[in-house]
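K.L.:
Assemble the whole structure, with the sequences as input and the hints as a guide.
Protein chains: 2
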Amino acid sequence: MTVVGVDLGGTNLRVAAVEGGAIVRRQRIVLGEARGVDAVVAAIAELVAEVAGDAAVVPVGVGVAAMLADRRGTVVNAPNLGWRDVAFGAALAARLGARHPLGVYNDVNAIAFGELGAGAGRGARDLLAVFVGTGIGAGVIASGALVEGASNCAGELGHVKVAAGGGAARCGCGADGCVEAYAGGAALQARIRRELAAGASPAVLALAGAVDAAHPGHVDALADDDPWARALWDECGAYLALAIGNALTILNSDRLVLGGGVLGRAPRLRARLVAGLPAVAPAAIMRPLTIVDAALGDDAGLIGAALLAGAGVSLI
Amino acid sequence: MTVVGVDLGGTNLRVAAVEGGAIVRRQRIVLGEARGVDAVVAAIAELVAEVAGDAAVVPVGVGVAAMLADRRGTVVNAPNLGWRDVAFGAALAARLGARHPLGVYNDVNAIAFGELGAGAGRGARDLLAVFVGTGIGAGVIASGALVEGASNCAGELGHVKVAAGGGAARCGCGADGCVEAYAGGAALQARIRRELAAGASPAVLALAGAVDAAHPGHVDALADDDPWARALWDECGAYLALAIGNALTILNSDRLVLGGGVLGRAPRLRARLVAGLPAVAPAAIMRPLTIVDAALGDDAGLIGAALLAGAGVSLI
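As they're listed, the protein sequences go chains P and W.
In my numbering, each residue carries its 1-based index in the first sequence increased by 796.
In my numbering, each residue carries its 1-based index in the second sequence increased by 796.
Honestly, I wouldn't trust all of these hints.
[Claimed, not checked] With the C-beta cut set under 7 Å, the calculated list includes, among others, these residues of chain W facing chain P:
| # | residue |
| --- | --- |
| 1 | Ala938 |
| 2 | Val943 |
| 3 | Gly945 |
| 4 | Ala946 |
| 5 | Ala950 |
| 6 | Glu952 |
| 7 | His955 |
| 8 | Val956 |
| 9 | Gln985 |
| 10 | Asp1022 |
| 11 | Trp1024 |
| 12 | Arg1026 |
| 13 | Ala1043 |
| 14 | Leu1047 |
| 15 | Val1076 |
| 16 | Ala1080 |
[Said to hold, decoys possible] Simulated restraints on C-beta separations:
| # | chain 1 | residue 1 | chain 2 | residue 2 | range |
| --- | --- | --- | --- | --- | --- |
| 17 | W | Thr1086 | P | Met1082 | 55 to 61 Å |
| 18 | P | Gly940 | W | Ala835 | 35 to 41 Å |
| 19 | P | Gly940 | W | Thr807 | 36 to 42 Å |
| 20 | P | Asp1030 | W | Ala993 | 48 to 54 Å |
| 21 | P | Glu1031 | W | Thr1086 | 36 to 42 Å |
Keep in mind the hints are simulated off the structure, nothing from the lab.
Even for Gly, the Cβ is constructed at its ideal location relative to N, Cα and C.
P.N.:
Given below as structure tokens:
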């Protein structure tokens, strides 16, 4: 069976035909200024027609970088697209018509399902996928099924609270103490540059070349040697372990998939996260758990959205 | 359809025939000294035969107060029964035979499923049930299905970490900082008596009559007036809100069911827990959430185990 996956990010619109968990045809356009829902719906429909092939019914799954309100593709907020309260799913379903049963999914949920079906999660039954990039997101699979939650907001791991009280860091979401406010890439980079500008570590600054060029990779490179870098990574690794270990304690997953740009270029932060889990999650939770790196890269969302629609999950 | 539910606790063995979510016949014996697995299996088989009626196939679901190792009823540890590493499910399945397809479930999971099907969770799709009694346990339903986890240990909310570092309270499980070590009934009662013995609150002590008679209900009665009681309940309510709010942030439940002996006789602690949730869980998580009290009391586990077996969940 051919299924089409769509990855609707902030910069690119990517569409792929998926067969047996592998991409067989793909298209991609750069989203320009025309980011209104009508223009995006038209562009998706055009690319879907190009890749879909000639089967009588070709399901379409869309992974979108958005906060969703429901399982009908209603977008509460998609900052990268400038959308607020948009009935995207209904508009796209009307445009695609009966030949293309449609599902709209949170992008991280689609990525998690892609890793489950065709990547680092193959063979797992209960999976937690955590991506530490600019922000922190997660997708949850229980008994082989995606956990979408009542309003399609499950897996908001970035906004799990790891600190409280007056000293807790302010998150981009407006709340205090979210793990993303400590260990998300945007917060990390801002803190690194702020502390380097204040003279925290001449060694890391020398490696970065300039305050404004410093990023988590520079901290990671010296995290075993430089006292400031070591302390920062110890702190952030412990916060990540706390948030993830507590989630595992609720979920009892057999597979933890780790990914995202920050963890990808910060192996010493990843190591601290992993080393910190057993102090958070009980032995009975750690025992069945295998920890792996995400394997599908940018294709995970495309493949996962296609697999979800192909499995008939939350079709509109 | 008739299904049989079994509640295997530490003191009583209760068995009931369930039809349409309601108990139609029940039996109960007090477990005496004969708590070996063979004696318990024989007792269950006897009571099942008494209540099962005469249908050709009558599924049996057992909820057991135990840490399970798998979905085949292998018990890692059941402190109240004195069992360690016992193949209870296999022994009971062999005894019951083909007429009685068998499922063995964690007791709190069975209770959560009972509340979903016939109690305070009716109509919910994504449910978190939290019981604060001697310990703290939880059951999770996602998309209408029980989340058992890879080794049947999902919902270990009592061992979510809410504090770290040298000052974190030691839990009965051996770890530090578990929410159960702060807000579970056993830990609470020990702390209340210890602090009252040290002179913390003459008013609460007077209400209790004696240090050894003091319990969380006495603290609750004065939690709006007595400074020590108020501070203790503020602290414990915040810890419960942190653990539960973070779990909801992962799960995006539409129903939170609260129960257990401590919350039942401590309405002011329950109120602090509920009031603390919005500072922990994002608005998008709180919006679809309804908070209710458990409705089925001691029958929830019996009914839930029966409904799980009737739905064919993890039959051995």
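K.L.:
What are the numbers of the hints that this structure violates, sorted from low to high?
P.N.:
9, 10, 11, 12, 17, 20
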